[in-house]
Every structure is written in C-alpha cells, then in structure tokens.
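Asks: Taken in sequence, the protein lines are chains A, B, C and D. For the first sequence, the positions run 1 to 185 when our numbering is used. For the second sequence, the positions run 1 to 185 when our numbering is used. For the third sequence, the positions run 1 to 185 when our numbering is used. For the fourth sequence, the positions run 1 to 185 when our numbering is used.
All clues given are correct.
Subject to a maximum C-alpha distance of 30 angstroms in a straight line, what follows is the list of computed DSS-like cross-link-like pairs (lysine-lysine):
1) C:K91 x D:K91
2) B:K91 x A:K92
3) C:K154 x B:K69
4) C:K154 x B:K23
5) D:K162 x A:K154
6) A:K163 x C:K162
7) A:K162 x B:K154
8) D:K163 x B:K163
Derived from the structure by calculation, the hints contain no laboratory data. Just so we're clear, the structure is a prediction, and the values are computed from it rather than from any experiment.
What follows is each chain in one-letter form.
Number of protein chains: 4
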Amino acid sequence: MIKVSRLRIFKTGGSVRKKVETKINWAQIKLLALDFDGTLTDGFVYTDQEGREFVRCSRRDSLGINALKRLGIIVVVISTETNSVVDVRCKKLGIESFSGISGERKLFVLARYMEKNRIGQIQVAYMGDDINDIGCLEFAGIAITVADGHELCKDYADYITKKTGGNHAVREVCDLILKDRGISN
Amino acid sequence: MIKVSRLRIFKTGGSVRKKVETKINWAQIKLLALDFDGTLTDGFVYTDQEGREFVRCSRRDSLGINALKRLGIIVVVISTETNSVVDVRCKKLGIESFSGISGERKLFVLARYMEKNRIGQIQVAYMGDDINDIGCLEFAGIAITVADGHELCKDYADYITKKTGGNHAVREVCDLILKDRGISN
Amino acid sequence: MIKVSRLRIFKTGGSVRKKVETKINWAQIKLLALDFDGTLTDGFVYTDQEGREFVRCSRRDSLGINALKRLGIIVVVISTETNSVVDVRCKKLGIESFSGISGERKLFVLARYMEKNRIGQIQVAYMGDDINDIGCLEFAGIAITVADGHELCKDYADYITKKTGGNHAVREVCDLILKDRGISN
Amino acid sequence: MIKVSRLRIFKTGGSVRKKVETKINWAQIKLLALDFDGTLTDGFVYTDQEGREFVRCSRRDSLGINALKRLGIIVVVISTETNSVVDVRCKKLGIESFSGISGERKLFVLARYMEKNRIGQIQVAYMGDDINDIGCLEFAGIAITVADGHELCKDYADYITKKTGGNHAVREVCDLILKDRGISN
Numbered sequence: 001m002i003k004v005s006r007l008r009i010f011k012t013g014g015s016v017r018k019k020v021e022t023k024i025n026w027a028q029i030k031l032l033a034l035d036f037d038g039t040l041t042d043g044f045v046y047t048d049q050e051g052r053e054f055v056r057c058s059r060r061d062s063l064g065i066n067a068l069k070r071l072g073i074i075v076v077v078i079s080t081e082t083n084s085v086v087d088v089r090c091k092k093l094g095i096e097s098f099s100g101i102s103g104e105r106k107l108f109v110l111a112r113y114m115e116k117n118r119i120g121q122i123q124v125a126y127m128g129d130d131i132n133d134i135g136c137l138e139f140a141g142i143a144i145t146v147a148d149g150h151e152l153c154k155d156y157a158d159y160i161t162k163k164t165g166g167n168h169a170v171r172e173v174c175d176l177i178l179k180d181r182g183i184s185n
Numbered sequence: 001m002i003k004v005s006r007l008r009i010f011k012t013g014g015s016v017r018k019k020v021e022t023k024i025n026w027a028q029i030k031l032l033a034l035d036f037d038g039t040l041t042d043g044f045v046y047t048d049q050e051g052r053e054f055v056r057c058s059r060r061d062s063l064g065i066n067a068l069k070r071l072g073i074i075v076v077v078i079s080t081e082t083n084s085v086v087d088v089r090c091k092k093l094g095i096e097s098f099s100g101i102s103g104e105r106k107l108f109v110l111a112r113y114m115e116k117n118r119i120g121q122i123q124v125a126y127m128g129d130d131i132n133d134i135g136c137l138e139f140a141g142i143a144i145t146v147a148d149g150h151e152l153c154k155d156y157a158d159y160i161t162k163k164t165g166g167n168h169a170v171r172e173v174c175d176l177i178l179k180d181r182g183i184s185n
Numbered sequence: 001m002i003k004v005s006r007l008r009i010f011k012t013g014g015s016v017r018k019k020v021e022t023k024i025n026w027a028q029i030k031l032l033a034l035d036f037d038g039t040l041t042d043g044f045v046y047t048d049q050e051g052r053e054f055v056r057c058s059r060r061d062s063l064g065i066n067a068l069k070r071l072g073i074i075v076v077v078i079s080t081e082t083n084s085v086v087d088v089r090c091k092k093l094g095i096e097s098f099s100g101i102s103g104e105r106k107l108f109v110l111a112r113y114m115e116k117n118r119i120g121q122i123q124v125a126y127m128g129d130d131i132n133d134i135g136c137l138e139f140a141g142i143a144i145t146v147a148d149g150h151e152l153c154k155d156y157a158d159y160i161t162k163k164t165g166g167n168h169a170v171r172e173v174c175d176l177i178l179k180d181r182g183i184s185n
Numbered sequence: 001m002i003k004v005s006r007l008r009i010f011k012t013g014g015s016v017r018k019k020v021e022t023k024i025n026w027a028q029i030k031l032l033a034l035d036f037d038g039t040l041t042d043g044f045v046y047t048d049q050e051g052r053e054f055v056r057c058s059r060r061d062s063l064g065i066n067a068l069k070r071l072g073i074i075v076v077v078i079s080t081e082t083n084s085v086v087d088v089r090c091k092k093l094g095i096e097s098f099s100g101i102s103g104e105r106k107l108f109v110l111a112r113y114m115e116k117n118r119i120g121q122i123q124v125a126y127m128g129d130d131i132n133d134i135g136c137l138e139f140a141g142i143a144i145t146v147a148d149g150h151e152l153c154k155d156y157a158d159y160i161t162k163k164t165g166g167n168h169a170v171r172e173v174c175d176l177i178l179k180d181r182g183i184s185n
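Chain A on its own, in the form it takes in the complex:
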C-alpha cells in the first residue's frame, strides 16, 4: 500500500476552504468508509427503560448511498458502538458494517478491508466526527468530517460538510462524488 502525499488543508476561513474544495478529486473514490454515530446519525441515541436503543438516520442519505452503489462504489461502515442497531441499519441500507471496533482498531479494519478489495489509499474517502476516527481520517485519500465534528477531526479534514452529522451530511458527500462523475443527483 503506497503512502500518498495528500494535500493538507489549513483552515484559514470559509473562502480558503472553498477554494481547496474544488481541488478534491471526488471522481477517484472507489470506497466510501463511514463512521456510524455522529456521521450516519446525529450522535444521539434514544434509550428506553429496558435498554432498547433507537438512532435517527436520514432517508436522504439512503438515496445517496443507493446512487453510489449503482455506480459500483463500495460503501462500508466502521463503528465503535456495540449495539446491534448499527448492523441492522446497514443491512437495510444494503452495505457491509463492522461494529464494536475500538477507536484504536478502526484503521486496522479499514486497511485490511482495502487490501482484501484491492483499493488504494487515494481511492478511499473516510468520514467521521470524533476523536476515535482520527487514525482513519489521517490515512484516507480524502478525509471528511461533519459541520459539528470534533475540532481535531476538522484539523485533519480535507472536506468539512456544510451539514451536521445525521442531517443529510452523507448525502452531501454522495452528491459531490456523483457530480464529479457528471451525474446530477
């Protein structure tokens, strides 16, 4: 696996970030790896008196993920959370998921998945919102965090979505990838 010299963005204001944005080569993406809580959800969990948990997901994100899949782009979830809601949700989305992965092991899981599927670093976009995503953010060809992501994630991000986590932020990324391939979605 070749270590790419990736363009590092130093945030100096909205205008600069926008300028750099145009340089991201979304069209090269073959794998979109996603954190779950705070990325595909808003970072909240609804819990009842029996420990049952609900999370809130975006149907617009689902439409975007489906559009990527139709183009042969792989979408995968890597999450620290142990609750089976992660896997159940991903099953409905028709994407593979790795749950119960500690922050330290997230990058290991991502790297092994890439090797298995023969995907290079520059072909990978990783999207996460919290400190346990930093390893993957640093590694991926395109590092993405959400508008309400942790400050450290923003330091590593090539792209910060305009939308907050769970509020159609994944769809925003899907639309950028599709747009770079000339598909308006």
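Since the structure of chain A is already known, use the hints to place chains B, C and D on it.
Replies: Structure of chains B, C and D alone, referenced to chain A:
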C-alpha cells in the same frame, strides 16, 4: 389527458418568487398528491436494533388534511419506502397510500390514479422533496417542494413552502388552498 | 357564569405586547387548562409500522405543573386526539385529562368542568396552539398561545409564550403564575 | 468536610464570564456528579400509549465520560426521575446512579457519596439544569449549568456550558477537565 402549458418559475430571488406565488390558482386543486419521507416527515427515520422504524409526523398537517377532506379534496400519498409505516400512518390520516413505488414508477401511479378518478393535470398539486419526485413535479398542475427540498426539486417547483419537510409544510399548503376558497383555517 | 370584559390585546409589536404582559393578573388563576398536541408536545407524533405512537414532552413542564399543584392550582388537559397517549401522559403528570374531544366540544367540556369545580372565567387560563382551541381561548380569562401557534390563536391571545409548543412553553407559564404569587421557581 | 470559599461569578456579560472561566481549576476534579434530565438529556421524554419512556442521550457525552473514567475520575448521576430509564442508561455508561431522589434530598445523597469516597468539596463538580439542582450547585467546588439551564442555576454557576443540555454539554465539560490535565480529547 391534456398537457397543460404550466407557468414555469425561474427563481431569481425571494421577491420574485413571492410575486409568482400570488398567481398560483390554489382553488382549482381537486387532488393533493404527497410524497411521504421528507414531505409528511422530516426525512429521518428512527430505527432500533430489531429493524423497527418510527417516523415523525406533524399533527398540524393532520388538521390541515382533515380540513381539505371535508371540502371533498382528495389527498393521496405516493412513496418509494417499503416499510409499512407509510400505510399505517396514512390509514390513521384516512387517506389512500401507494408505498414501495420506485422513483421511475411514481408518475405512472399518479397518472393512473388521476385517470381513474377523472382528475385533470391542472387540478393536481404534487408535493415532494427529492429527485425521485421530479417526474411528478414536472407533470402536476402545481409543483410544490419544501424549504429543505433538493435543489433540482426547487427548479421544478411552482411553490416552495416556507417550512421544511415534516415541520408543518403540508399544513402550509392546506392553508393556502383553504384561503383561496375563502376559508380561514 | 359571568361574562367578563377581558382586556383584548392588539398586537402591534414586541414592545407593546410586553407592556400588556405586565397587566395580566396571573395571581388570580385557579385553573390552567391545556391543549395537548402542540402545547404540552411540539405538535409532532412518532409513529411506527404497527400504529404505535410516541409524543415528546418536557420534563421541565412537569416540574412547573407540580409546583402549581402544590399551590392548589388545578391543571387539566383537553385534547382532540383519540390516542391514549394523552391520558397515559396526564396520569404520570397527576392531572385530569379529557381526550377525543372535537374542536367544537372543547369549550363545552371546559365550561362544564369550571361549573362543576365552581371556577369563574377570570380564574381560568387556557393555553392552545391551533384553530380548534379558539373557542376556549376566546372564553378563558387569560388566553395563552405558543410562539409557533396558529396566527388566529395569536390574535386571541393575551399572552404568547416566548418558547414554542412542547419546548418548555408550559413551564414558562407556570413560572409566571408562581412569580406573581411571589414564588421564585 | 471543609467549606471552601469558592469564587462566585457575577454574570455581567459574555466577556467577563469568559475571563472567569480560565480561573476554574478543572484539574482538581475527582468527582463529576450529574443531574440526568436536562443535563445528560435535552430535558424531553418520549412517551407512548403504554407509559413507556424514551430519552435522548449523546454518544459524544459517552466518549467523554469514558475518557474521564480512564483517568480515575468518578462520574455519578443523581436524578429526581423515578423511571428506570435513568439507571438503565447509566449502567450502559458504566457509572453509578441514584434515581428517584427528591430535589431536597439530592444534596444529602451527594454529600454522603463524597464522604464514603473521601472526596472533598473542591474536588467535586456538579452539573444540573433546574431548580432542584440548586442545593448541589451551591455546595460543589465547581457548579456547572447548561446554556438552556434555569436562570437561578445560572446565578449559582461557575461555568455555563456553551452547549444546551443533552446536546453534548457533558462532553464539553469532560474536554475541559481533560485539557487542564494536558490531554487533548
């Protein structure tokens, strides 16, 4: 079915859109066809570890739909979603629903429903928020999208609600229809 | 029952409304009658594929209602909704509820309750957010609606809460009543 | 137990509060005691027709609490609420909880817990959002309330979080404690 030459709105700013708004003939509406997710809901789904799904709907929308029904206006839902929550919700609202309809087939379902009920194009308002609604938006006499609708939907919309999807946007439309008939609701 | 000549507020701006606010005699209130959906909730309902419904309530509202009850002020709910969630919630709050009451019958239920409990018009505050509350708003000594209430409700309101329905708006009213009695809550 | 002469903050504007903030000695904290509703949640409860209750919690708060625990800082919850959702949630967080504690008894529970665990007043941070937290806020070495906390809580607070209750406000406090120990989280 006669193809109407419908007034196309080119968005050039809030003031222009407002001017055109006053030209929409809400009083002619006999059928209000609605998308479900993102229109009657906020576009989110709450999901638990067993795949059970909840959606959030507006009770104010319900009051508006009831008022339309009392005037003999038909309200119907056409949704891509396969989860039975769509039909269960519509049953409580006392309106007909078509769920599991792919984006490509939505217009077909709408057109057939109109033919069956002898409703012409100019008597139909369609309201949707995402790209799989564009066929119906282009076809309907009045095309409506929500404040947070997809940009492409906004391009096709005769009216963009001030409220976002699920946040009483349907009620806003109901009130406009009622107002044009001289009923303050 | 004596028809009171109640101070009618004509909204001409924030400053005027504030001036009138100070004239409301909150201390006279013996009965606080509340609408449910949109007043004790945010006007939304969470529904699943089996028709089960959840509503979102404020724990801060609960604390305020408890404080009123300790002072001997009666709190009661009058709702159009037929789902038993209304009665279940009110039972937990320890207050009486009348559910499944059509908009036309709400005032009748309120008036009968007042007669039974020997409560005069000027001793009643009614709080509601939608058109089916207007009869009660017009009748009650103090008419209250929420920041996001229907425009018609606002026309009848002596007081419009700063908070929106379900977002601690009832607590805001409780605190005003307590404050007028010299209790800081 | 020694009564500390704690720095009292008189709120005279954002700039002053910020100045005082820097004087809080977060590094001394050995116990972070938390209210539940409105602090670890947004102050709302989701209730269904059978009285079942859900609350919304932040997964980012969980990450922060875990980081504190790894440093040997004790996190504990003291709540008035009787519903078992409090204890179930705390069990998942791996922290001790005292639920069903009336507002008057909250300070008693806190003091006894401190005595048992040999924790002094200046080593305790208490975080709460409503009037039943005031006893504990007055007592704790560092009194914390949330951006949307009750005005009286704000009068007693040494620190008011930028975030509102349940919206990652606890994480904000965790990050401050970690930062003062030289750990970026």
